[in-house]
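Undergrad: Using the sequences and the accompanying hints, generate a full structural model.
Protein chains in written order, with this note's numbering: chain A, 1 to 107; chain B, 1 to 206.
These are computed hints drawn from the structure, not numbers from a lab.
Keep in mind that the hints are not guaranteed to be accurate.
Now the stretches of chain A that chain B is said to cover, found in silico as 3 or more residues with beta-carbon under 8 Å [what the hints assert, rightly or not]: (1) 14-22; (2) 25-38; (3) 41-50.
Ideal Cβ placement from N, Cα and C applies to all residues, glycine included.
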Amino acid sequence: MSNIALIGEKEVIIGFSLIGLQLFPVTDSEGAIKALRDCDRNNYSITFITNDIAQKIFEKIVEYQKLSTMTICILPNRTKETTLSLDILRKNVEKAVGTDILFRKEG
Amino acid sequence: MILAVNPNRMELLKLKRRLTLARRGYKLLKDKRDALIQKFIQLVHENRNIREEFEKKMRECMNSFLIASLAMGYNDLDSIFSFPKRNINVKTTYQNVMSVQVPRYKIIEEGNLYTYGMKNTSPELDNAIKKYKQIIPLMVKMAELDKAIVLLTEEIEKTRRRVNALEYVMIPNLEDTIKFITMKLDEMARSSNSALMRIKEIIRGE
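TA: So this is what it looks like as structure tokens:
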């Protein structure tokens, strides 16, 4: 059994199946929350979530990132630029340093 | 604000001891906070670079996978992907960064990668799988950095709150109280002194 999990739409994540990751194909937010809870209970070390699914359950992810020892990481999309993982990063930077030192120059 | 204590010498000594301790703790915590922030910023930049690289590679991966699925048809692919024979595990060790336990992951791979027959599959699929395999270390590294950043953020917040509490509440309060007790003791000394002088005068007058 692998201890890296991957939650996302089936078409997006299926490529990782032969590599050996544990896949959790989901379509809606309820399924995603359930999958996330399962991952946490079954002691997965790392859980990857695709950007579109992560967007739907953003609050849950932030909550789990704080409480659980499991690492949650958001994967980018094929077409769009990811903003979600950068959002989390920016929020953390703001919380830690007090101001947004990372993206200030750009906008 | 003056703390609620009795103005006597015992309390004064105790408070002075607490003040030196508080000052020392304040200095140490301030150093810790600065060091944490330094490390944090370094991690953030590293994370950002890796993320950019990863996004580029991930897009390549998905494109090559798309080409493979176009060449073979989605249903065939589905059946191939339903029996993976390979496992990837990560072994977690913890590294101590300024008293924060940050996880480090070591990838352990086992099993055969190419489990499908050559007859019904296209070479594009091989390519795609190879690319997916190469991307894994980067992915794990990114996850590691993400977690480290979350953990460090919490620690920085906690440390900063402690530093502020010491700097703006604890130390001024102690200083005020020490001043108050010293004044009170001096006042008492003066009052007993003048009483003595007065008594002496009365005795001399008789």
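Undergrad: Taking 8 Å as the C-beta cutoff, is the stated coverage of the region 14-22 of chain A by chain B satisfied by three or more residues?
TA: It holds: at least three residues are needed, and the region 14-22 of chain A offers 8 whose Cβ sits within less than 8 Å of chain B.
Undergrad: If you count the residues of the region 41-50 of chain A with a beta-carbon closer than 8 Å to a beta-carbon of chain B, do you get 3 or more?
TA: With 3 residues close enough to chain B, the hint holds.
Undergrad: Under a C-beta cut-off of less than 8 Å, do 3 or more residues of the region 25-38 of chain A approach chain B closely enough to confirm the stated coverage?
TA: violated (count 0)
Violated hint: 2 only; the structure is consistent with all others.
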